[in-house]
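Colleague: All the letters of the sequence shown, read from the start, carry residue numbers 1 to 39 under our numbering.
Some hints here could point you the wrong way.
[Said to hold, decoys possible] Pairwise CB distance ranges, derived in the manner of DEER restraints:
1) Asp-25 x Leu-4: 16 to 24 angstroms
2) Met-1 x Gly-27: 26 to 34 angstroms
3) Arg-21 x Met-1: 29 to 37 angstroms
4) Pro-15 x Asp-37: 14 to 22 angstroms
None of these hints come from the bench; they were simulated from the model. We put the beta carbon where it would ideally sit given N, CA and C, even for glycine.
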Amino acid sequence: MIVLYHETTLRLEQPLACVGREDLDFGKGFYLTRLRDQA
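Input sequences plus hints: build the corresponding full structure.
Modeller: See below:
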């Protein structure tokens, strides 16, 4: 099992990759990391 983290305080049942701001580092998307401190 791989544990992945995303910066949120909510439990997500279905992530939406079409939301976010295009003018940020990586643009729109749903980003995950294996590092809890990085989330």
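Colleague: Against this structure, judge whether each hint is valid.
Modeller: Hints, verified against the model:
1. Asp-25 x Leu-4: 16 to 24 angstroms: holds, 19 angstroms
2. Met-1 x Gly-27: 26 to 34 angstroms: Given range 26 to 34 angstroms: holds, Cβ gap about 29 angstroms.
3. Arg-21 x Met-1: 29 to 37 angstroms: holds, 31 angstroms
4. Pro-15 x Asp-37: 14 to 22 angstroms: holds, 21 angstroms
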